[in-house]
Amino acid sequence: MAEASKGWDRNQMAARAAQELEDGMYVNLGIGIPTLVANYVGDKDITLQSENGMLGMGPFPFEGEEDPDLINAGKQTITELSRTSYFDSATSFGMIRGGKIAAAILGAMEVAENGDLANWMIPGKLVKGMGGAMDLVAGVGRVIVVMDHTNKAGESKVLRECTLPLTGKGVVDRIITNLGVLDVVPGGLKIVECAEGVTEEELRAATEATIVS
Amino acid sequence: MAEASKGWDRNQMAARAAQELEDGMYVNLGIGIPTLVANYVGDKDITLQSENGMLGMGPFPFEGEEDPDLINAGKQTITELSRTSYFDSATSFGMIRGGKIAAAILGAMEVAENGDLANWMIPGKLVKGMGGAMDLVAGVGRVIVVMDHTNKAGESKVLRECTLPLTGKGVVDRIITNLGVLDVVPGGLKIVECAEGVTEEELRAATEATIVS
Amino acid sequence: MTGSKKVYATADAALEGLLHDGMLIAAGGFGLCGIPELLIDALVRSGVKDLTIASNNCGVDGFGLGKLLDTRQIRKMISSYVGENAEFMRQYLSGELELEFNPQGTLAERMRAGGCGIPGFYTKTGVGTVIAEGKEVKTFDGQDYILERAIVADLSIVKAWKADDTGNLVFRKTARNFNPPAAMCGRVCVAEVEEIVPRGSLDPDMIHLPGIYVHRIVQGPHEKRIEQRTTRKKETA
Amino acid sequence: MTGSKKVYATADAALEGLLHDGMLIAAGGFGLCGIPELLIDALVRSGVKDLTIASNNCGVDGFGLGKLLDTRQIRKMISSYVGENAEFMRQYLSGELELEFNPQGTLAERMRAGGCGIPGFYTKTGVGTVIAEGKEVKTFDGQDYILERAIVADLSIVKAWKADDTGNLVFRKTARNFNPPAAMCGRVCVAEVEEIVPRGSLDPDMIHLPGIYVHRIVQGPHEKRIEQRTTRKKETA
Numbered sequence: 001m002a003e004a005s006k007g008w009d010r011n012q013m014a015a016r017a018a019q020e021l022e023d024g025m026y027v028n029l030g031i032g033i034p035t036l037v038a039n040y041v042g043d044k045d046i047t048l049q050s051e052n053g054m055l056g057m058g059p060f061p062f063e064g065e066e067d068p069d070l071i072n073a074g075k076q077t078i079t080e081l082s083r084t085s086y087f088d089s090a091t092s093f094g095m096i097r098g099g100k101i102a103a104a105i106l107g108a109m110e111v112a113e114n115g116d117l118a119n120w121m122i123p124g125k126l127v128k129g130m131g132g133a134m135d136l137v138a139g140v141g142r143v144i145v146v147m148d149h150t151n152k153a154g155e156s157k158v159l160r161e162c163t164l165p166l167t168g169k170g171v172v173d174r175i176i177t178n179l180g181v182l183d184v185v186p187g188g189l190k191i192v193e194c195a196e197g198v199t200e201e202e203l204r205a206a207t208e209a210t211i212v213s
Numbered sequence: 001m002a003e004a005s006k007g008w009d010r011n012q013m014a015a016r017a018a019q020e021l022e023d024g025m026y027v028n029l030g031i032g033i034p035t036l037v038a039n040y041v042g043d044k045d046i047t048l049q050s051e052n053g054m055l056g057m058g059p060f061p062f063e064g065e066e067d068p069d070l071i072n073a074g075k076q077t078i079t080e081l082s083r084t085s086y087f088d089s090a091t092s093f094g095m096i097r098g099g100k101i102a103a104a105i106l107g108a109m110e111v112a113e114n115g116d117l118a119n120w121m122i123p124g125k126l127v128k129g130m131g132g133a134m135d136l137v138a139g140v141g142r143v144i145v146v147m148d149h150t151n152k153a154g155e156s157k158v159l160r161e162c163t164l165p166l167t168g169k170g171v172v173d174r175i176i177t178n179l180g181v182l183d184v185v186p187g188g189l190k191i192v193e194c195a196e197g198v199t200e201e202e203l204r205a206a207t208e209a210t211i212v213s
Numbered sequence: 001m002t003g004s005k006k007v008y009a010t011a012d013a014a015l016e017g018l019l020h021d022g023m024l025i026a027a028g029g030f031g032l033c034g035i036p037e038l039l040i041d042a043l044v045r046s047g048v049k050d051l052t053i054a055s056n057n058c059g060v061d062g063f064g065l066g067k068l069l070d071t072r073q074i075r076k077m078i079s080s081y082v083g084e085n086a087e088f089m090r091q092y093l094s095g096e097l098e099l100e101f102n103p104q105g106t107l108a109e110r111m112r113a114g115g116c117g118i119p120g121f122y123t124k125t126g127v128g129t130v131i132a133e134g135k136e137v138k139t140f141d142g143q144d145y146i147l148e149r150a151i152v153a154d155l156s157i158v159k160a161w162k163a164d165d166t167g168n169l170v171f172r173k174t175a176r177n178f179n180p181p182a183a184m185c186g187r188v189c190v191a192e193v194e195e196i197v198p199r200g201s202l203d204p205d206m207i208h209l210p211g212i213y214v215h216r217i218v219q220g221p222h223e224k225r226i227e228q229r230t231t232r233k234k235e236t237a
Numbered sequence: 001m002t003g004s005k006k007v008y009a010t011a012d013a014a015l016e017g018l019l020h021d022g023m024l025i026a027a028g029g030f031g032l033c034g035i036p037e038l039l040i041d042a043l044v045r046s047g048v049k050d051l052t053i054a055s056n057n058c059g060v061d062g063f064g065l066g067k068l069l070d071t072r073q074i075r076k077m078i079s080s081y082v083g084e085n086a087e088f089m090r091q092y093l094s095g096e097l098e099l100e101f102n103p104q105g106t107l108a109e110r111m112r113a114g115g116c117g118i119p120g121f122y123t124k125t126g127v128g129t130v131i132a133e134g135k136e137v138k139t140f141d142g143q144d145y146i147l148e149r150a151i152v153a154d155l156s157i158v159k160a161w162k163a164d165d166t167g168n169l170v171f172r173k174t175a176r177n178f179n180p181p182a183a184m185c186g187r188v189c190v191a192e193v194e195e196i197v198p199r200g201s202l203d204p205d206m207i208h209l210p211g212i213y214v215h216r217i218v219q220g221p222h223e224k225r226i227e228q229r230t231t232r233k234k235e236t237a
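Protein chains in written order, with the working numbering: chain H, 1 to 213; chain Y, 1 to 213; chain E, 1 to 237; chain W, 1 to 237.
Each hint should be verified, as a subset may be incorrect.
[What the hints assert, rightly or not] List time: in silico SDA-like cross-link candidates among lysine to any residue, alpha-carbon distance up to 20 angstroms:
no.	chain 1	residue 1	chain 2	residue 2
1	H	K152	H	L126
2	W	K138	E	G134
3	E	K135	W	L24
4	W	K5	H	A102
Calculated directly from the structure, the hints in this document are not laboratory data. Values in this document were obtained by computation on a predicted structure and should not be read as measured data.
Build the full structure now, drawing on both the sequences and the hints.
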């Protein structure tokens, strides 16, 4: 079992995920590590959607400039940009469901080799709700999951089959973990690259899902 | 057969139709006689919808003040009022279909005793299209038809069954013609009132539809 | 604006005659942003109970719709997210509160559909998940979709930035969120606003929700509490 | 705005690489109001043919989409109204042109649905008429509705008043009409506008169609022809 600390740290995972984004893309970033991806887009012209009704999400406001009418989907105070537009929730999820968002980068509790994703509840224990995650994974052009490869007990979160209630069935395109990058392909997962200092053997050992070559 | 000129003229029919409107109503007026209804609403606070995307339709512009971006559903230049709002066609028909418009006053080629309405085409002869009429009759709270009681040949347009392709099935609530006012009720039509100078016998004689008492 | 038929002096007056136990209320807002604070407080005061509330969230403990959880006036929530609300989760897990989870976009579209005379629509969202259980599945062009039903509420309560006295509404930034679809789906809609402006002072091209959807209006003041105050430091030169 | 990736110098350039015979194009506009004049002219010049066009009307004889009728580039129209266009009616009645009549609201909603990932929705409109023929009927709460399918177009062509270089659009008065739903339903959308303004000069609360829906932009001039010039006389004192 590879320790969770092995390979990339949170910021390195975010930086690797940022490489998935191309100039001109409209993108939705989930809560947690995905939020950090915004710090690594560099010169690329990326427009961030916040599914509560905004395109062109800016950084946190300076202290004292917080606006209660301007929050992101994580309920955090944010700012607008010169490209920003606001709209209602029905319109916002219309563009998500309609495939207008090129990519979503999301966290996960579990991912399976068939692209199944679970990230919204642990029965009887944690009930937060799916929020916009089910719409995002069903609608956006490309779903990229960013998460630790294993849980705190060292067990793989990259599974043959998800054990938790699904957020979406067969929806994940690419998985970026602290140990490397995997693609969902027919028959299982394909290793795209290993994180720095991680061998393919270590990546395979930490993965319950079928890895195809 | 009563002549088409008997009873109310176009303006009197419009004035009678205007009595159907109550203070605070949002209303859609069709092309032709229904358009004249706006002249007779008096002090009542009526907001007119134009289904191409406007609430609060004002009168024709003064000469030289026509705006190509400001037309009604009949493609005529119009003006806005202090209450006016503009919106897109999907929103406009959303409010129509959703029952937010209290009443539509429309012209007709034929009306039947079961409330069927035909006003959009004569096969092989006249093909204009239904425009927004099918949405209006399906969606608005109350459908009031205003038309001549008979056609140019003196034949009743108030029928047992429509012969032309339908605009809506069982959608008409009230019929206002040059000869009087009829309501669609179980079993047929009920005479609400006769136009000035028209007897109930004349109204019955000019009506093919079943009249119940 | 005194004398206008849609303008009410207080939130309590604006709700008078519209409430009954067991009713379905659609509420605008996302988290604590753009929520109808005054009307929620008036609902608490009214004592109306056994409510079903369609709202993305249920406020936080002790604020927003959370107040109606504290008073046990809510029987059922239709929501996408219960996080950030301990009492909500507690009542749900203990079985005191019924909860119908809706994906956020499905909830928004169900409200819009209810306002637009569309009784049902198909969506990919939730196919193959618990959300699809008991719902009709239909295949379009080789892909499965589930049928979702419209929400038509007995009453909608929403919050806007500005209104004129005909009920035309303008929202501000992300406080727009669920307010327009929630307003559309109500048989009656009551809106609370920060400012009622004279008729004609809103640009007719810039009205977010036409007055036809809004039956009663009441003016603020609003607390507008911030849920997660996140900031960055100004770099010193 | 020179150098912006979405801004094109001419309508011909804005359509380059997007056209193929037999394609489905959604066009904004109502009558001659808010129609994409420049892009229609560019379609004429391109010679692309066997087009299916979803548009409420088909212009008038010799103007707007009527130009594409004159050149026989249109195989099929999806429209609600053909009145005011003699050539349209003639080609239809003679069988030269295929015509799919859609109720106006159904057409608008089919476009919106196409843009919103909703493959089908139910509506009361047209139940019991020829429009319902061959369509699935479903009963909700005792009332019949018909299933209508979404329109997803290969290309959308729309006309707006102002754009910024990111494609955010603002429309003017009733020239908005079908333009937003038409834009939404296109896999690619090209917008012509009267003015391209600097980024940041449009109020983000007042953008009618976010730039995510708009892939290419070209600036006017527009003729903006009036179809029915109706006026009243100023009363003399």
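Results for each hint:
1. H:K152 - H:L126: holds (16 angstroms)
2. W:K138 - E:G134: holds (17 angstroms)
3. E:K135 - W:L24: Distance ~33 angstroms between K135 (chain E) and L24 (chain W) Cα, so the pair is violated.
4. W:K5 - H:A102: The given pair, whose Cα atoms are some 17 angstroms apart, holds under the 20 angstroms limit.
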